[in-house]
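There are 2 protein chains.
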Amino acid sequence: MTVEFICVGTEILMGNIVNTNAAFMAERCAGLGLDCFYQTVVGDNVERLKETAEASLRRSDVVIFSGGLGPTEDDLTKETVCKLMGKKLTEDEKAWKHIKKFFEKRGLELTDNNRKQALVPEGGIVLYNKNGTAPGIIIEGENAKAILLPGPPGELIPMWNEYVEEYLRKLNPAVLVSEMVKICGAGESKVETVLKDLIDTQTNPTIATYAKIGEVDVRVTAKGEDEKECRKLLKPVVKEIKKRFGARIFTTDENVSLEMAVMQILNENKMTVTTAESITGGMVASRLINVPGASDIIKLGLVTYSNKAKRKYLGVKRSTLDKYGAVSEQCAKEMAKGGISAAKSDVCVAITGIAGPSGDGSTDRIGLTYIAVNVMGKVKVKEYHFDGNRAKIRESASTAALTLLRHCLLENLTEKTFSTG
Amino acid sequence: MTVEFICVGTEILMGNIVNTNAAFMAERCAGLGLDCFYQTVVGDNVERLKETAEASLRRSDVVIFSGGLGPTEDDLTKETVCKLMGKKLTEDEKAWKHIKKFFEKRGLELTDNNRKQALVPEGGIVLYNKNGTAPGIIIEGENAKAILLPGPPGELIPMWNEYVEEYLRKLNPAVLVSEMVKICGAGESKVETVLKDLIDTQTNPTIATYAKIGEVDVRVTAKGEDEKECRKLLKPVVKEIKKRFGARIFTTDENVSLEMAVMQILNENKMTVTTAESITGGMVASRLINVPGASDIIKLGLVTYSNKAKRKYLGVKRSTLDKYGAVSEQCAKEMAKGGISAAKSDVCVAITGIAGPSGDGSTDRIGLTYIAVNVMGKVKVKEYHFDGNRAKIRESASTAALTLLRHCLLENLTEKTFSTG
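Residue numbers (the numbering used here), protein chains in the order written: chain A, 1 to 421; chain B, 1 to 421.
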């Protein structure tokens, strides 16, 4: 079965935003074993959208549209596709109720053009939007099916997970089961080198690597008669990958994030944690708190960006700052000790680093970061050199902090070692 | 003049990589005042590549290809496009010398198929590649021009800067200048309604709105002979938008974020800030710290997620928590007061809310958030109702906190009011 994407939006054509929706949908479709031969981006223009949609609906079984479902004048995707597929638009009561509630909740005033978002094609499947106003729509034409999704990733991704994934799976007869082996603390080229022989000889299951910041996900996908057969095909391959990366693998569950894996260890061991952040300025605490049930585990998050705050709230010695500077192994160590003293927690992770040019404008140390983890008095410090812009360096540092925190917890709580990489 | 992009690569179709080349080229072309109506991604397949290239060369003046210039069997872009445009391939001596040198330098061994990278079309303009082996090529056909560029951004971007930008500028004398009017605290449809008359009658400058979480950006773009003329065209339109949204506009500079605008106000007034975060768990501090030079302004960031932490570090009264709960106007107020007492800062922003199901599993209050801003003892509290998943609610809350912080600062420091919206 072939599927293709049409992403609608002038902001993509103007380069205002990167088309991450296409990458997300492409990865998911690959995981479902669907053949995707084209991605197209077109602006909010009836003629060009019509021409593009026509060609796509002719050559593919399923065409997935993203964007252009908004309330404004230039949002035309729904109107154009429905006209093309000969479907009349009628108001969906539930969708309209939902939109009204959405606005009331925010104390925002409804405008007439919001009402057009509640219009859906006759016979279409409505995908209600929990994260925005525009509902998604599935239109089943004679030759091809069209799936219309809202443009904002915060709306598209949950809608995909709730409706689209399942709908596509049902359409595709072949059963595909995949496991996502998530590896922290190893770069993509490293992972590819270690898996090269497996990747080169892959047929079924297939192996694909996806590089994230500070994390590499390896998707192993098996095609078979039923789930049982797929699992059987997956088992030896996943086992082999586990053998090669050991404890650096933090999950094989697509839905488990690094922060979830860390919180699980803390939770299972009834341990509390404190964060002491400088360069990451709260990103590590924020990521941990995004995991439900964090309040029993996270005793305190301290953001101590200035030297003064490091001294006052974490008890970092003035002499340490004078002698070694705030971005040093010594400072990180004292921060990690001070965090536990301040909050009486079992564990503390401390991060200090340089995200941009320093006061004197020197750029040579940008990216230098020290992360210290204190597990019940046992402190481990590691030096890192990250690259990229300010935001990327900070993102890398927060992922590295979670990675080191996890490793230290496992090393202290189990006999796991991290020989690989 | 119209230009479009064809990005060639199975790794994009599989979602292994995000198509950042398209975003880069799109932004550059927009800056040159070129009309870009399509972006297409197609795999390394002769038939589909030929079909796509044919359509693009028919409808656009310039078609820019990226990827598929490598040495391997499945790199077919050059061969396919040249055949389509009726150009013979001959070896370019300089390109071949360059490739040989590139390999010698790295002690790599040349393979026969590297030689195919030195083949260029007769009469084509060769763009020598300083960062890789594949040269770029410009083919000037009768109807359209084709520009072939290597896929790796590390090769494409420098080649663009060295050759392509200048080549395109010569083709198109018109210049495009745009200003980004960024508005906080108003929804997209609200902004659309207020600007409807301007948008409906837009020709030059054009007006486009981009919805972000808790923020709407309005891009006003003028086309003219030179920058001076464009600025002149922009001025009255931007002035009119400013008139309609008043102080809700936090910048007209594309590169200024909401957090930067807030930090600027604090900096100009030599004020220090403390963050007291529960639901956002450090996101607000993190966003402020992403602005360079934050260390003089941010005294302390406190992440107090549990009730115990709210009492211990912010002095929230137990009776307040018992009587009103942690997610209440009263608690937010006490947090905002406690933050200033704890850090002796001039300003404190406090955020408390419900991002997910509570202990008893009840979901009815999810999204309810109270944000309090304390400016030198003067406290303002506001109630919000956000929805979406856990991450989206927290993101909305952090943007709302920065928005309220900015408004309170302006209201206390100037006579600005926020009648609009």
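In short, the hints are calculated from the structure, not lab data.
As the structure is a computational prediction, the values presented were derived from the model and not from experiment.
Be aware that one or more of the hints could be misleading.
Copies of the same chain look alike in the list, so a pair counts if it fits in one copy or across any two.
Unchecked claim - DSS-like mimics (lysine-lysine), calculated; alpha carbons at most 27 Å apart, straight line:
| # | residue 1 | residue 2 |
| --- | --- | --- |
| 1 | Lys242 | Lys83 |
| 2 | Lys100 | Lys239 |
| 3 | Lys100 | Lys392 |
| 4 | Lys392 | Lys116 |
| 5 | Lys392 | Lys170 |
Quick rundown of the hints versus the structure:
1. Taking the shortest alpha-carbon separations for Lys242 and Lys83, neither the intra-copy value of 51 Å nor the inter-copy value of 38 Å comes in at or below 27 Å.
2. For the homomeric pair Lys100 and Lys239, neither the shortest alpha-carbon distance inside one copy (51 Å) nor that between copies (33 Å) is at most 27 Å.
3. Only between protomers do Lys100 and Lys392 lie at most 27 Å apart by alpha-carbon distance; the minimum there is 20 Å, versus 39 Å within a single protomer.
4. Taking the shortest Cα distances, Lys392 and Lys116 sit within 27 Å of each other only across copies (24 Å), while inside one copy they are farther apart (39 Å).
5. For the identical chains of this complex, Lys392 and Lys170 are neighbours neither inside a copy (39 Å) nor across copies (29 Å), given an alpha-carbon limit of 27 Å.
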